[in-house]
Amino acid sequence: MSDVSLTVNGKRVSGSVEDRTLLVHFLRENLGLTGTHVGCDTSQCGTCVVHVDGRAVKSCTMLAAQASGSTIVTIEGLANGAELHPVQAAFKEHHGLQCGFCTPGMIMAATDMIARHPQGLDEATVRAELDGNICRCTGYHNIVKAILAASQAMSKGAKGKAKQAA
Amino acid sequence: MYSVNYHRAVSVADAAKLLKNGDAKLLSGGMTLIPAMKTRLAAPSDLVDVSRLKDLQGIKVSGKTVTIGAATTHYDVSADDKLRKACPALAHMASLIGDPAVRYKGTIGGSIANNDPAADYPAALLALGATIITNKREIAADKFFKGLFETALKEGEIITAVSFTAPAKAAYEKFRNPASRYAIVGVFVTKGKDGVRAAVTGAGEDGVFRSREIEAALAKAFDASALGGIKVPAKGLMSDIHASADYRANLIAVMAKRAVAAANA
Chain A
1 MSDVSLTVNG KRVSGSVEDR TLLVHFLREN LGLTGTHVGC DTSQCGTCVV HVDGRAVKSC
61 TMLAAQASGS TIVTIEGLAN GAELHPVQAA FKEHHGLQCG FCTPGMIMAA TDMIARHPQG
121 LDEATVRAEL DGNICRCTGY HNIVKAILAA SQAMSKGAKG KAKQAA
Chain B
1001 MYSVNYHRAV SVADAAKLLK NGDAKLLSGG MTLIPAMKTR LAAPSDLVDV SRLKDLQGIK
1061 VSGKTVTIGA ATTHYDVSAD DKLRKACPAL AHMASLIGDP AVRYKGTIGG SIANNDPAAD
1121 YPAALLALGA TIITNKREIA ADKFFKGLFE TALKEGEIIT AVSFTAPAKA AYEKFRNPAS
1181 RYAIVGVFVT KGKDGVRAAV TGAGEDGVFR SREIEAALAK AFDASALGGI KVPAKGLMSD
1241 IHASADYRAN LIAVMAKRAV AAANA
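Protein chains in written order, with my numbering: chain A, 1 to 166; chain B, 1001 to 1265.
Just chain A, same shape as in the assembly (with noise of 0.2 Å):
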C-alpha cells in the first residue's frame, strides 16, 4: 500500500491505496471527481488528460504513488466558482461536443496547449496539438473553433485559472 498526498484543485488530500492504483481511478473513486473519464485505457485518447504540476499528462497511464506531492487539476478545478473558464466557455460557445465524453480530456489539453502557445495558435497547429485526443463523434471541426477562440479570448486578458497552473 501506498500513502498518496496530493493538492488537487487546491485542495490537499490524502489516502492509502494499493500501490497499482491508477490516478484516474483515484481521483474518480477516491475523491469522487468523476469529471476525468476512461475512454480507451490504452494512453491513446485523451478522455482522461489532467494537470499534474502544470503538464497535462494522462492520468490512466500514471500511478497515483507516482503523482504522489504533486499538484493536480482536474476539469473540476478550471471554473472559479459559477463563472466558466474561457476554454469552457469557448466549448460552450461554439458548441465544441456532441456526446461530451472527450470534452474534459479536450478542455484539460486545450488549457495546456495556449499555455504553451502565447503567441497565438492557428488551425494547423491546434489539429497537430490534438494527436492525443481522440472524439469518436468526429466532432473536431467546432472543438478546433473553441480552442482558436478562447486562445484568442484569452490573449486578450481572459486569464483562467489553469493558465497559472500550467
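Don't take every hint at face value.
[Said to hold, decoys possible] Mimicking EDC-like on lysine to aspartate or glutamate, the simulated pairs with C-alpha atoms at most 20 Å apart in a straight line are: (1) B/1038 to A/53; (2) B/1038 to A/19; (3) B/1038 to A/18; (4) B/1025 to A/29; (5) B/1038 to A/29; (6) B/1020 to A/29; (7) B/1054 to A/53.
Everything labelled a hint here was simulated from the structure, so no lab data went into it.
Based on these hints, arrange chain B on the given structure of chain A.
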C-alpha cells in the same frame, strides 16, 4: 495490472539497491511500462521510480558536447533552447514522439532502455554516435542496441545520461503508421567530423541499424541526388500487416532523401 510494490528512489545508488528487490524494474516516464503492466505483458514485482531524481534531469551544452540526463522528458528535449541551437534535429525529433501528453512524461533513458524497434531515439543516438552513460560505465551507441527490446545493459545497470558531439548537419524523417503514430520507417542522418551516419528505425527485424548503402552513397556527396538510384536490400527488414519488407526498403531510401534535403536546408 498485477499487484506491484512501488518505491521512489532518492538517489541513483538508492535505485541500484532497490533494484535488487525480487523482479524489480526501473520506472521513468512509464509511457511503455505502465501500459504493458495494464495489459499484463509485463508483471514486475517492484517498481523503482527514478523520474524525480535531480541527477538524471536536464540538458547541458558545452561547445559542441551535448549531455542529456536520462530522465529528461521528450517535451524538455524538444523545447530546450540550447539544444535547439546545438542540434536542432534532435529537438525536432523529440517533438514528433507520441502526442503532447506522452511527451510530458516519456524520457530519453526510458526509450533507449526499452529499445522498441519502432522508437525514434535509438535511431538518433546511433546516427549521432552517442555514448550511453550508466552508473557503471560508458557504452557506445554502436554497441548498445542489441536487438528487439534488447540492449547491452546488465542486471542492475541504470542509464544516467547520454552524450554526443553535435554534428555539422543532421535531420530525421519518419513515415508514421497513421494509427499508432510509431515509425513504419524513420531515418536519422548526420554529417560530422567522423563522416556520415544513417540510422534506420521501424524497419529492421533486429531493431535499429545503420544503412551501409545509404552511408556509402552519402559519403561521396551529402546530397539527396546522391541517393537517386539507390537500392536498399529488403533482406532483414520486417514484413507485417502495415508494410512489406520491399515497401520498407523503398521507404528507407525515400526517408533518407528527405532527411538529407532537410539537413542541407
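Outcome of the hint check:
Of the supplied pair hints, the one linking residue 1038 of chain B and residue 53 of chain A is violated, its CA atoms being roughly 24 Å apart against a limit of 20 Å. For the hint pairing residue 1038 of chain B with residue 19 of chain A, the CA-to-CA distance comes to about 13 Å; that is within 20 Å, so the pair holds. Distance hint between residue 1038 of chain B and residue 18 of chain A is fulfilled; the C-alpha atoms sit about 14 Å from each other, no more than 20 Å. With a C-alpha separation of about 28 Å, the suggested pairing of residue 1025 of chain B with residue 29 of chain A is violated against the 20 Å cut-off.
For a cut-off of 20 Å, the pair hint linking residue 1038 of chain B to residue 29 of chain A stands: about 18 Å separates their Cα positions. About 33 Å separates the Cα atoms of residue 1020 of chain B and residue 29 of chain A, which puts this hinted pair outside 20 Å; it is violated. With a C-alpha separation of about 16 Å, the suggested pairing of residue 1054 of chain B with residue 53 of chain A holds against the 20 Å cut-off.
Going through the hint list in order, the structure does not satisfy hints 1, 4, 6.
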